[in-house]
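Assemble chains C, U and E onto chain Z, guided by the hints.
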Amino acid sequence: MDNNQIKNIIAKRVAKEFQNGFVVNLGIGLPTLVANYVPEEVEVILQSENGFVGMGPLAEAGKEIKDLVNAGAMPVTLVPGAAFFDSATSFAIIRGGHVDVTVLGALQVDEKGNLANWMVPGSMVPGMGGAMDLVVGAKKVIVAMTHTAKGAKKILKQCDLPLTAKEQVNLIITEMGVIEVVNRRLILREINPHFTLEEVQALTDAELIICEDLKAMEV
Amino acid sequence: MDNNQIKNIIAKRVAKEFQNGFVVNLGIGLPTLVANYVPEEVEVILQSENGFVGMGPLAEAGKEIKDLVNAGAMPVTLVPGAAFFDSATSFAIIRGGHVDVTVLGALQVDEKGNLANWMVPGSMVPGMGGAMDLVVGAKKVIVAMTHTAKGAKKILKQCDLPLTAKEQVNLIITEMGVIEVVNRRLILREINPHFTLEEVQALTDAELIICEDLKAMEV
Amino acid sequence: MTKIKTLEEVLTHIQDDMSIMIGGFLGTGTPEYIIDGLVDKGVKNLTIIGNDSGFENSGIGKLITNKLVKKLITSHIGTNPETGRQMNQGEMEVDLVPQGTLAERIRSAGAGLGGFLTPTGIGTLVEEGKEKITIGDKEYLLELPLKADVALLKGTKVDVKGNIYYDKAARNFNPLMAMAAELVIVEAEEIVEAGEIDPDHVMTPGIFVDIIVKEVK
Amino acid sequence: MTKIKTLEEVLTHIQDDMSIMIGGFLGTGTPEYIIDGLVDKGVKNLTIIGNDSGFENSGIGKLITNKLVKKLITSHIGTNPETGRQMNQGEMEVDLVPQGTLAERIRSAGAGLGGFLTPTGIGTLVEEGKEKITIGDKEYLLELPLKADVALLKGTKVDVKGNIYYDKAARNFNPLMAMAAELVIVEAEEIVEAGEIDPDHVMTPGIFVDIIVKEVK
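Protein chains in written order, with this note's numbering: chain Z, 1 to 219; chain C, 1 to 219; chain U, 1 to 217; chain E, 1 to 217.
Treat the hints loosely; a few may be bogus.
[To be verified] Ranges between beta-carbon positions, derived for each pair:
no., chain 1, residue 1, chain 2, residue 2, range
1, U, K71, C, N183, 34 to 44 Å
2, E, N88, C, V42, 53 to 63 Å
3, E, E131, C, P75, 15 to 25 Å
4, E, D198, U, D36, 23 to 33 Å
5, U, T12, Z, G29, 38 to 48 Å
6, C, E41, U, A194, 46 to 56 Å
7, C, E41, U, Q15, 40 to 50 Å
8, U, D36, Z, G29, 25 to 35 Å
9, Z, Q201, U, E93, 53 to 63 Å
10, U, H13, C, R185, 50 to 60 Å
[What the hints assert, rightly or not] One side only, chain C facing chain U, incomplete, derived with CB under 10 Å:
no., residue
11, N50
12, L68
13, N70
14, F84
15, F85
16, S87
17, A88
18, F91
19, N114
20, M119
21, G129
22, V136
23, P162
24, K166
25, E167
26, Q168
These are calculated hints, taken from the structure and not from any lab test.
Even for Gly, the Cβ is constructed at its ideal location relative to N, Cα and C.
One chain only, chain Z, in its complex shape (with noise of 0.2 Å):
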């Protein structure tokens, strides 16, 4: 599998998770992609932390508009019955619950549920901009990522860099399965029939717990 399908994967397993009329933020990067799954009878309502919610698929080359951007500073187009706000609103809307699933990259993951993908010490420092509010606030926090970084492995026992956030993860989704954390376990709950158990363990520092009705993801 290269990047590009390994990426393509995730996304499409993630949007599964999507119910009607849920308020989703999608993350920079990969989680952008998701938007692209989303099965037309499920109407999703993208939250845009930069200060609106009804984000529609990312303007066409061209049909720009000024200052409709996400927070990637992007340029995307609306659906109808969007709204605007303020940051102060928009973090209301975050903080306060009424996010129904954040999905988000991660450096590290561990099985307490801990997340660290806002800097590493000495070297890359992007801050948080929002992410420590979205882990908190969002009813469910999904990470989506691939499951190792250059050979390492991102799924822990214990983050050793600094946390976005304490025990706020529900759900792992990478290229090798979906891995729910429940009670500070981790348990495969669909595994990508292209790997077996003993590889997916093998690049899972935490101990994985199958899940007595193992599913296939669907790839």
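Using the frame of chain Z, we list chains C, U and E on its own:
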């Protein structure tokens, strides 16, 4: 002086405290009359705590506009450049020090600048409404009231009714004079020429310190 | 999956003993049609949260006059003598809260905050039972969030997605309450299609609104 | 007494060592014309408060590239490598604040609050040096208000009284900062007469705005 004359003397004097561009909140009752005496060359922006700035005079009969009412539910008008907002923003304005002057009535006020105007235990309990926020938040607090109530003194050494706020009153304007609260003492700055110093002090429980530069109140 | 329901459907969601926030300021921006429905249904032992208790025959006052309210959390009751009477007779509990604190407590609940520090009420009866915190040289009261089971709002124009536009002073507490209740019901003067309210002019995003009912006069 | 001034007049109000809030989100809703003026004037040792540090040649990034910033209080610096470089070299202090906390701290200052309790940052480096308060069974951080000497805003349409309308996502931090600074200056794309913005559509009431400057491209 009849009651109507008294009220208008007070209102007229209060209006002199306003400067060009001031944001002013006028309480219900006597303070509302102050708007009638603002000189034409002084532009005052009236804030109405139910959610707008740029309030104009009361609406003429037959010209009322639905949903355009003041905090006392009286139909009013707007001046050009008005703006509406919700109650949290209205009180952000009030509490945040963005109102230059608030004018309120009082049941009692004392030499420390304490104000009581929201309840008489066991009998009348209208509630504080926005008064507690206004008195704490406005840059200048003016109490506009009759000097006595049915013969009872209202300017006291110490309020005995439940307080609206502690040590927040800056100026007391009655039909007898203008009294400034300075360092927990009351300074009589102006006196209505119809009264003698002795008469004013006799109807004031707290000690009045006569300003060296005592002026005649314009009535 | 339409959000538009009849008053009868709305009333099935409101039961005895619930806590209900009701938008409006002395009746302006108050959902009178739903309130009339509550009176007809006779739901009782309600905890009502609203700016004021209206007048005897309008707004929240109608619920009080019909003795449906167990507890009232509000900033002002001076316009409705029946509220004072029931309070003094011990028939209804009344919790008086400064208006700015009431608005901020509701916002705080909707915004996922644990509370806020306000200078309002320091040195008054409002202090009672509250923690005082000093920041710098200034004392503040720690005020806690205020939530409800249901919020009843009044919107001037509501689109089918639940986006609300309030005209003039009808806005008041409505947008705050929209964020602070489990179930949010808006009474609409007018219902329009999605997109008919300019996204810049929406005052309550539709994501907060569960049910829309058209006002019938 | 007009609020409309030239850029030259605006710049006389901004001095070395001041704290300045700057509206915008990655450049959208950012007063670029005033920022260019600050760069030309060369005011230095600034404390800048804004959502992000923009890009190297736009928004707040221009102040950083020109080494005019002593301290930056922001939520995100990932889009501007020069910010990271100056931070890592110890040339500029950077205080990273979660975006929602940053917005709320600014609002809190403008609203006269002494602070607020947020669950954001619990169990992270953001906790450091902050008081933790438990309400019920949930822990919160006590976050304090954030003020500035000057706020620089960008408005899409501004009337002569200072009322501001922001188009689409240009709103972001601007209305919050309008309430939290001693001196508030708005850069207007378009200046209109009083009353030309519907009072229901005003997003920043003119009472907050001291100076209006027309953007020149």
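The hints, checked one at a time:
no. : hint                         : in the structure
1   : K71(U) x N183(C): 34 to 44 Å : holds, 43 Å
2   : N88(E) x V42(C): 53 to 63 Å  : holds, 55 Å
3   : E131(E) x P75(C): 15 to 25 Å : violated, 48 Å
4   : D198(E) x D36(U): 23 to 33 Å : holds, 31 Å
5   : T12(U) x G29(Z): 38 to 48 Å  : holds, 45 Å
6   : E41(C) x A194(U): 46 to 56 Å : holds, 49 Å
7   : E41(C) x Q15(U): 40 to 50 Å  : violated, 60 Å
8   : D36(U) x G29(Z): 25 to 35 Å  : violated, 52 Å
9   : Q201(Z) x E93(U): 53 to 63 Å : holds, 59 Å
10  : H13(U) x R185(C): 50 to 60 Å : holds, 59 Å
11  : N50                          : holds, 4 Å
12  : L68                          : holds, 5 Å
13  : N70                          : holds, 8 Å
14  : F84                          : holds, 6 Å
15  : F85                          : holds, 7 Å
16  : S87                          : holds, 4 Å
17  : A88                          : holds, 5 Å
18  : F91                          : holds, 3 Å
19  : N114                         : holds, 8 Å
20  : M119                         : holds, 8 Å
21  : G129                         : holds, 4 Å
22  : V136                         : holds, 5 Å
23  : P162                         : holds, 5 Å
24  : K166                         : holds, 3 Å
25  : E167                         : holds, 7 Å
26  : Q168                         : holds, 9 Å
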